[in-house]
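So the protein sequences, as listed, match chains E and Z.
For the record, in the first sequence the residue sitting at position 21 is 21 according to the working numbering, with numbers rising by one throughout.
For the record, in the second sequence the residue sitting at position 512 is 512 according to the working numbering, with numbers rising by one throughout.
Don't read these hints as lab results, they were simulated from the structure.
Hints are supplied without guarantee of correctness; some may be wrong.
So the derived label-pair ranges between C-beta atoms look like this [what the hints assert, rightly or not]:
| hint | chain 1 | residue 1 | chain 2 | residue 2 | range |
| --- | --- | --- | --- | --- | --- |
| 1 | Z | Ala235 | E | Asp5 | 50 to 56 Å |
| 2 | E | Lys271 | Z | Glu564 | 57 to 63 Å |
| 3 | Z | Ala235 | E | Gly152 | 39 to 45 Å |
| 4 | Z | Ser385 | E | Pro223 | 40 to 46 Å |
In silico DSS-like links for lysine-lysine, alpha-carbon gap of 27 Å or less [what the hints assert, rightly or not]:
| hint | chain 1 | residue 1 | chain 2 | residue 2 |
| --- | --- | --- | --- | --- |
| 5 | Z | Lys87 | E | Lys271 |
| 6 | Z | Lys26 | Z | Lys87 |
| 7 | E | Lys39 | E | Lys62 |
| 8 | E | Lys267 | Z | Lys87 |
Computed from the model, here is a short list of chain E residues facing chain Z with C-beta under 10 Å [to be verified]:
| hint | residue |
| --- | --- |
| 9 | Val17 |
| 10 | Leu38 |
| 11 | Pro41 |
| 12 | Pro58 |
| 13 | Ser68 |
| 14 | Ile76 |
| 15 | Gln253 |
| 16 | Arg254 |
| 17 | Pro255 |
| 18 | Leu257 |
| 19 | Asn275 |
Beta carbons are placed, not taken as given, at the ideal position from N, Cα and C, and that holds for glycine.
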Amino acid sequence: MEELDKSCEYLSGVCPVWCPGCGYYGILSALVEAFADLKLPTKELTLVSGIGCSSRLPYFVKAYGFHSIHGRGLPIAQGVKTANPELTVLAVGGDGDGLAIGGGHLPHVARNNVDITYLLFNNAIYGMTKGQFSPTTTLYPVTKTSPFGLAGEAINPSALAIVYGATFVARGFSVKKEHLKELIIQGIHHRGFSFIEVLASCSSFNTTDMNVARIVKNLEMIPEDHNPEDAIEALRLAADQEKIRLGVFVRNQRPTLGDKFQEMRRKAKGKGAANMEALLGQFA
Amino acid sequence: MQSDLVLRVAGESGEGVITIGETLCKIAAREGIHIVTFRTFPAEIKGGSCMIQVRLSERRIPYHGEGVDFLVCLNQDAVDENLPDLKEHGVLLCEAECDLPEKNPGWTAYKVPFDRIATREIGSRISKNIVVLGALSHLLSLPKETIEKFISEKFARKGKTVLDHNLDALQRGFDFARSHLAKKDSYRLPKGSGRKRLLMTGNEAIAIGATAAGMRYFFGYPITPASEIMEWLAAHLPKMGGVVLQTEDEISAICSVAGASWAGGKSMTSTSGPGLSLMSETIGLLSMAEIPAVIVDSQRGGPSTGMPTKTEQSDLLLALYGSHGDATRVVMAPTSVSDSLRVTALAFAVAEKYQLPVIMLVDQALSARLETVDRETVERLPQGSRSCASPADGAPFVRYQLGGSAVSPAALPGTQGGEHMVTGMEHDERGNFACDEETHTAMTVKRFRKLAAIESDPLVAEFCTRLGDENSEVGIVTWGSSAGPVEEALAIAKGLGISAQAIIPRILNPLPHQELKTFFGKVKRVIVPELNFVGQLATLLRSTYRIPTIGLTKVKGVPLAPSEIVEKIVEAESTLNARSTRAYGRAG
Ligand SMILES: Cc1ncc(C[n+]2csc(CCOP(=O)(O)OP(=O)(O)O)c2C)c(N)n1
Ligand SMILES: [Mg+2]
């Protein structure tokens, strides 16, 4: 009971607008429970999102929230973390938001190793706009904008994040709340860019791809002995067509964007005094 | 002795043309001479013709000069292309091999075998431009020790051999000129005040203005002609504890700015038209979420990729209206390099104080031109800051307060008790989405009230200037770098006995209504010189004040010439008495 109360402190009181049966409710509770476990002060908690049903999440959490525009949560989060490295910064968004319209940003926050945690809600459909296919739609090819089937192959979000060089890549499932909570905790603890793909069913527009029964039947946890520094093996696991692997694919360390900025400041200071007078000197 | 000298150096890109011009500028600025330059850039990376025009003067000058007093040509193409611009009694200094036209209206020509001296005598073809400098220092009586000092500074890092080659080149150029060229003209370097001036480009001024204003977070994507802003900042902002990040595109740049600014850092991006087009959606977000940001657009020629190395002022309507919905933003345009310093600082002051995006428009010619700046300009920059709340514990934080001031205090992430939402959706006072009719109306009004408040803020008072004869009935409204040729044109017209006056607002949204209405109440003709095809400022003025305007537009990729404006003034003046007209003011 006490546990429950703690996590409720992270709810804003705004009632979620999601449909009954939406997988996102599970993600919201895993998230606030993770915050409660970590005892994160709400004043330092920052949630940035794009546009979509998933991107509505920040309204429901007691934190500093930035609900922005479609596909742009990641660069905004990068800016927030850059200006105030003390903050715990999370970005959330949908599969369309992060892989279609905003797909150009993911490789760059990953290679910059921006120290934020990104939850990509994969429901394999455009929920907000009511049922058009997304870049991850696979088993439900006949959508409102693909009445005669899909033109393209689906993207595998976790595999993509691994190839882009994200330093933490994991996959969770909205129904496996405890497991998801653990992933979120690990992601927040990780120093660097943490990418967490969360499978969640859309009860209104695609109950096939993320069908709970189907996922439960096919899921398999990543073996305990998997070495998360082995990116090739991680890719093999993430891209597995037979089984849906859950857990941490990749975890490794390298300097974050913030570390690099510190290094640049240090090098630059070696090249001249830090005041306007000195800067103006070069124009005299 | 003349108080003013217009000198042009022309040649092929790679011949060191720009170095000659810039060295002259450096030397003159140290003497306290006023300088304005203009330079062209070939569209190609290597090769192609290029030139730099340097106007040096004892007094402050607004324009790089029309007609050349002293022309330096490094090859035949340069002679052919530039000789038509030489004044009747001007001077030509050129490569000895060049053929000159038989008809000479009265110029003095000096020939020097630059190529031969550099290749044969010094054994280094690339030192040709320094030979030219040597010859120039004799012909214009430049302080040779200052040039030597300057060359020593410039080449010291490249080692003794290179330095010696260059000092040798300077001496040989000088000696050749002294022994072979009898000075037949009277041009020389104008007298300086002796008070050293700073010399910088428009892009450098923007970077410095921003740094001085406290900007510490810069995100950008390279694009001609704005890249130098980011390049300068990349080298220097980290010294001040700031950061510069080259992002994957302009959308990421402006979004990173939005994030950094929301978190409390003064943030900025710079781009050109193509990038501003990409940023449009985020400008709406900044407006809606009420987040400060400074966006610099150095305009280039034409739509799409257009003419990347040429100048134009054709992004005004994009800056004013780009982005869907009624998205508030401030649009500013400095007129010169030193004005760029002040207006950049003003952009930050206004963005922070009013929590909205400010777009500052400059253009290729202004970005690239070197100009002297007084050091005091940097010391007296406008200032403004964000109003931040100290939230009461317990009560939910109200981010977008209705009633009272249009600007509501922000709570920066990390502030105790200030947790709240900012959003691009229409929202209530707490930032929660709300689509009801009352809220949307009230919040739209709140956002636009900020613009009304800016218009009457003393902070912006000195950023609309009047020039010329205040009683004249011929009026000119112009913006950005076209103000230079307008100021010059007013002086020329006055010399011809024709009076005219001009008003130059640095803030184009919100327009300075009081000043403009007063102005339109006095004049009977309004000429609007600007570098675009449709007359973008004229369109704005006509729709805002319902006045007829006389357009003066140009899309040649180069600045307006004062003579083109004088012609319009003369034309407008001649129609004044033709039929009775009333002042414009009452139509407003
Ligand atoms: C620039 C732009 N284009 C299109 C839209 C319309 N739009 C809103 S959400 C969305 C897709 C949402 O799908 P997804 O990102 O998967 O999120 P979900 O709703 O499934 O959580 C689209 C196309 C928009 N808001 N902005
Ligand atoms: Mg989706």
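- Message: Check the structure against each numbered hint from earlier and tell me which ones fail, lowest number first.
- Response: Hints 2, 4, 5, 8, 10, 15, 16, 17 contradicted; others consistent.
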